Every structure is written in structure tokens, then in C-alpha cells.
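Chemist: Residues per chain are reported as follows:
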Amino acid sequence: MYAFNFLLLSAALFSFGIYGVIARKNAVMVLMSIELILNSVNLNLVAFALMNNSIDGHVFALFVIAIAAAEVGVGLAMVLMIYRNRRSIALDELSEMKG
Amino acid sequence: MTALFASDHGVNVAQNVGFYIIAAAMLWGAFRVVTTRNVVHAALWLVVVLGGIAAQYILAAAEFVAISQVLVYIGAVMVLFLFGIMLTRATIGEETDVNNQGWAIGIPVGLLMFGVLAYVTLDFTEDATLPEPTDEQITGATMAISDAYLGDYLVPLIAVSFVLLAAAIGAIVLARKD
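For the record, the sequence lines run as chains G and D.
Residue 1 is where the first sequence starts when you use our numbering, and the numbers rise one by one after that.
Residue 1001 is where the second sequence starts when you use our numbering, and the numbers rise one by one after that.
Read the hints as simulated data drawn from the structure, not as lab findings.
Note that the structure is a prediction, hence the values are computed from the model and not measured.
Please note that a few of the clues may not be correct.
Claimed, not checked - Derived pair list, reagent style BS3-like, types lysine-lysine, alpha-carbon separation capped at 30 Å: (1) Lys1177(D) <-> Lys25(G); (2) Lys98(G) <-> Lys25(G); (3) Lys1177(D) <-> Lys98(G).
Use the sequences and the hints to build the structure in full.
Modeler: Next comes the structure, spelled out in C-alpha cells:
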């Protein structure tokens, strides 16, 4: 298998995630796009582990999985709190801190 | 620039065919995640992408990471997402405005990002091929991961466990009704 297969696939997933973070209004959909980004990075780490015949890439990928799980838990708790206070999770309406 | 990786490995046709089929499904799934108007459908398309990533891990001889991906993402994170959708929306179905006003700026940004990454990747790897995973690599991967975790990476492992504890407590505190 060519070395660029995994890297190009994860670059495409990363770009889709970037587009989703910019374009989406719903906070839950933005969190899904962040998951796409984190997973593309994980795919890169595993591909690098295969290239260099080293296990460190797997270890880093597992660390990223753990941190992503924590991030989703806290992120969804924040989304729930915003929904309870405002009855909406549209991100463009959250402008109280605007100067 | 010359490739840094060994390039005398052959190209395994079956592995490539599997890769491209899974990759096509993943790219379509990712496209639907960021374009569909239905939040529940977006979560279900995300399952396609996450499952495809787990399959790619198996192609890359990372079985333990693939199992962790299925358990954590498809098992736990998807349930969290579905609960989040359920608790923040009154109606299930298509929404009219799911995008920001300036959503179109995301297209050039995403294309630029992909262009730069693809250029660097192709320039860096050229036509280098990945080595076939050996039997020893496949069977010894989980053992090597545990050795790494309880050896060099013991302190980061303990730190991650504290991060998870703090995240769990923080999520409870944030979502609590008081």
C-alpha cells in the first residue's frame, strides 16, 4: 500500500471537519465535526506507527481517544446547560460576550 | 525531496482494494455528516465514518486501537451524541437552517486546507510504499502497547486518568439542575 493512502484520506476527513466547524450552527453538529478532525489525526498516528515500525503511534492514538471521550462529555454537558438557559443551541445567537 | 521511508516494498492489491472501498464509504459519510439537514442522520452518518476508521486501523495492523475505537466511539460517544440530540431538540426531522450565515466561507477554507495537506503529503512520501505488517508485529502489538503504557508512558497514563476524572466531575457539575 502506498504511504500517501492513509495520509490523503485523513487530510480529506480533516478538511470536512474544518468545513463543518465553520459552517454548522447547531452546537451538537459542531461537536460531530470536531470528532471527524480528531479521528483523522488518529488515522495519521496509526499510519506513522506502521511506517516507522514503532508502537508509539498506537499509544498516542489511544491517548487521543481518551481525551476525545472526555471532550465530548464536557462539551455535551455545556450544550445541555446552554439549552436549559436559552431554549436554543444555535451558536450564532450566543453573542452576549460581544464587545 | 527524497522519501524518508523504505520504498522497495511491493503493493498488496487486496489490501489496496479494501482500502479504497472503505475510504469511499468514509468520504461519502463525512460529506453527509457536514451537509445533511437532519441532526439524527448526521449522527448516524458519523457512525459510518467511525466504523470505517476502525476498519482502516485493522488494515494498518492496529487491532487494539480498532477495538478501542469501536468500544469508545461507536459504543459510548454515539450514545452521548444521541442523548444530546434527544435532550436539546423537541422535534425529529429536517431543519430549515442548520448553517451559519457565513457558511460559504467554510468551502474555500476546507479546500485550501486539503490542498496544502495533499501537496505536503505527496511531496513528502512520493511513491513510497508501506511495509507489510509481519506476523510478529500483529500478534505482539497489544503486548507492546501494554509495555509502553506501564513503562515509558506511565506518568502520562496517570495524568490522562486524572483528566478523565476531572471531565466526569465537570460534566456532572455542569449538567446538574440546581
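Chemist: It remains to establish, for every hint, whether it holds in the given structure.
Modeler: Hints and how they fare:
no. : hint                    : verdict
1   : Lys1177(D) <-> Lys25(G) : holds, 25 Å
2   : Lys98(G) <-> Lys25(G)   : holds, 17 Å
3   : Lys1177(D) <-> Lys98(G) : holds, 27 Å
Figure legend: structure checked against the earlier numbered hints; every hint is met.
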